Amino acid sequence: MKKITMALLFAGVLFSAKSFSQSTIDQANFHGAAADLKDYKAIYIINNADDKKIRGTLRNINNAMEDPRLKGKLQIELIAFGDGVEVYRKSAHYDTLLTNLQKKGVVLAQCENTVRERKIDKANLWSFISYVPTGNGEIIIRQYQGWAAVHP
Amino acid sequence: MKKITMALLFAGVLFSAKSFSQSTIDQANFHGAAADLKDYKAIYIINNADDKKIRGTLRNINNAMEDPRLKGKLQIELIAFGDGVEVYRKSAHYDTLLTNLQKKGVVLAQCENTVRERKIDKANLWSFISYVPTGNGEIIIRQYQGWAAVHP
Amino acid sequence: MKKITMALLFAGVLFSAKSFSQSTIDQANFHGAAADLKDYKAIYIINNADDKKIRGTLRNINNAMEDPRLKGKLQIELIAFGDGVEVYRKSAHYDTLLTNLQKKGVVLAQCENTVRERKIDKANLWSFISYVPTGNGEIIIRQYQGWAAVHP
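Chains as they are written, first to last, in this note's numbering: chain P, 128 to 279; chain A, 128 to 279; chain E, 128 to 279.
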């Protein structure tokens with residue numbers, strides 16, 4: 128009887144040790160998380176009018192799509208709300224960057240609520256974008272649909 | 128035999144095409160993600176003392192709750208930590224905005240760790256808020272519970 | 128027949144009431160979300176060179192690990208990209224803070240893409256860190272693996 132108890136205890140220790148080693152990352156040999164799935168989706172968030180921040184976010188989207196782990200299997204939606212509406216304003220001239228992303232499959236979405244609250248004439252925003260009821264609602268729903276959320 | 132193979136191949140092509148079209152969003156006809164679930168929960172994060180940022184975050188919470196896709200089925204918790212404690216400081220006078228959110232079901236939470244580290248007298252914060260061990264722990268646990276996280 | 132219908136209706140009302148009370152948090156008795164799982168993982172994001180922001184993020188990691196709800200069961204990875212590379216630059220001297228985190232199991236990761244784009248000599252960054260293809264890819268993949276994402 129004692130032997131069986133000891134054996135079970137020993138097995139338990141082994142099992143714990145295994146669990147522990149599995150959940151620990153070896154810093155010295157770490158080269159990034161593995162992307163084992165076939166499809167990834169991410170919603171990128173911009174709510175800032177700062178030019179550096181806007182260009183950085185658009186570059187970040189490109190970088191994620193070029194990541195060798197995700198290349199060809201990443202769908203991205205860019206959602207702008209609040210001050211972030213600047214990214215779609217014609218006078219701000221991000222159109223080349225935006226259409227280049229769109230050609231790669233990035234969906235460009237603007238918070239309708241921001242446009243209404245700020246009384247922005249949609250004619251001043253690029254016509255090739257889409258409007259969603261609220262940017263905040265979009266961010267929440269996408270996460271519930273399993274999308275990753277990135278707010279650079 | 129050949130016929131069956133061809134039929135299977137053809138079915139495979141159809142299936143792939145379907146998968147592809149399902150995972151691609153049609154920009155021209157896109158009006159926002161669909162909220163098919165009955166309940167949504169989101170944790171809103173504030174760690175900034177800037178008045179514009181604080182007011183923006185509180186407005187964002189209202190906008191999410193008023194989103195026609197989420198109206199009546201969104202539970203929100205606001206977690207303040209670090210400089211964000213300002214949102215609950217009596218002298219900052221966000222009380223009307225906060226109690227209006229609370230009446231709509233928003234839970235107001237403050238990082239206990241911030242209060243201790245900064246030696247803040249709780250008497251200087253509104254009495255109608257709750258304290259959680261750490262704001263960072265709260266953000267992590269909520270995501271594991273399936274909540275969306277929004278940091279405007 | 129009518130009796131059965133009434134009974135079913137009554138049961139339905141009870142069930143709805145129960146669902147409602149379960150999804151509502153009692154502000155007055157709320158002390159934070161419960162951590163019922165055995166393991167938690169979080170990716171912390173830094174893309175800012177500001178000293179206050181960097182120190183704040185490193186302190187936030189410590190706070191999360193010391194949260195009584197998560198203590199001993201939280202694995203953290205810190206990912207730096209864009210301006211956040213500063214956290215690993217030798218001349219910025221965050222080494223004591225970083226190695227203390229590393230001793231507690233925090234994995235330190237730097238976006239390889241940032242290093243390449245900015246032509247940063249890796250000899251100027253601490254040798255005890257790891258490189259991942261892109262910071263943005265890492266953030267997306269980790270969320271798909273179930274990790275919480277925190278960008279203080």
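It is worth saying that the hints were derived from the structure and are not from the lab. It should be emphasised that the depicted structure is a prediction, and the values quoted were computed from it without experimental measurement. You may find that some hints are simply not true.
A pair holds if it fits inside one copy or across any two, identical chains being indistinguishable in the list.
Unchecked claim - Restricting the straight-line Cα-Cα distance to at most 16 Å, the calculated cross-link-like pairs of lysine to aspartate or glutamate (EDC-like) are:
#1 Lys230 x Asp153
#2 Lys200 x Asp166
#3 Lys180 x Asp210
#4 Lys200 x Asp163
#5 Lys217 x Asp153
#6 Lys231 x Asp153
#7 Lys231 x Asp248
#8 Lys168 x Asp153
#9 Lys179 x Glu239
#10 Lys198 x Asp248
#11 Lys179 x Asp210
#12 Lys230 x Glu193
#13 Lys217 x Glu244
#14 Lys246 x Asp222
Quick rundown of the hints versus the structure:
1. Lys230 x Asp153: Between. Shortest inter-copy distance 12 Å satisfies the 16 Å Cα cut-off; intra-copy 39 Å does not.
2. Lys200 x Asp166: Close inside one copy (5 Å), not across copies (29 Å); limit 16 Å.
3. Lys180 x Asp210: both (11 Å within a copy, 11 Å between copies)
4. Lys200 x Asp163: within (11 Å within a copy, 25 Å between copies)
5. Lys217 x Asp153: Neither. Shortest intra-copy (48 Å) and inter-copy (22 Å) distances fail the 16 Å Cα cut-off.
6. Lys231 x Asp153: between (35 Å within a copy, 13 Å between copies)
7. Lys231 x Asp248: Neither: 28 Å inside a chain and 32 Å across chains, both beyond 16 Å.
8. Lys168 x Asp153: This pair counts as between: shortest inter-copy Cα distance 15 Å, intra-copy 27 Å.
9. Lys179 x Glu239: For Lys179 and Glu239, neither the intra-copy (24 Å) nor the inter-copy (21 Å) Cα distance is at most 16 Å.
10. Lys198 x Asp248: This pair counts as neither: shortest intra-copy Cα distance 37 Å, inter-copy 26 Å.
11. Lys179 x Asp210: Intra 14 Å, inter 11 Å, cutoff 16 Å: intra and inter.
12. Lys230 x Glu193: within (14 Å within a copy, 33 Å between copies)
13. Lys217 x Glu244: neither (19 Å within a copy, 29 Å between copies)
14. Lys246 x Asp222: neither (22 Å within a copy, 28 Å between copies)
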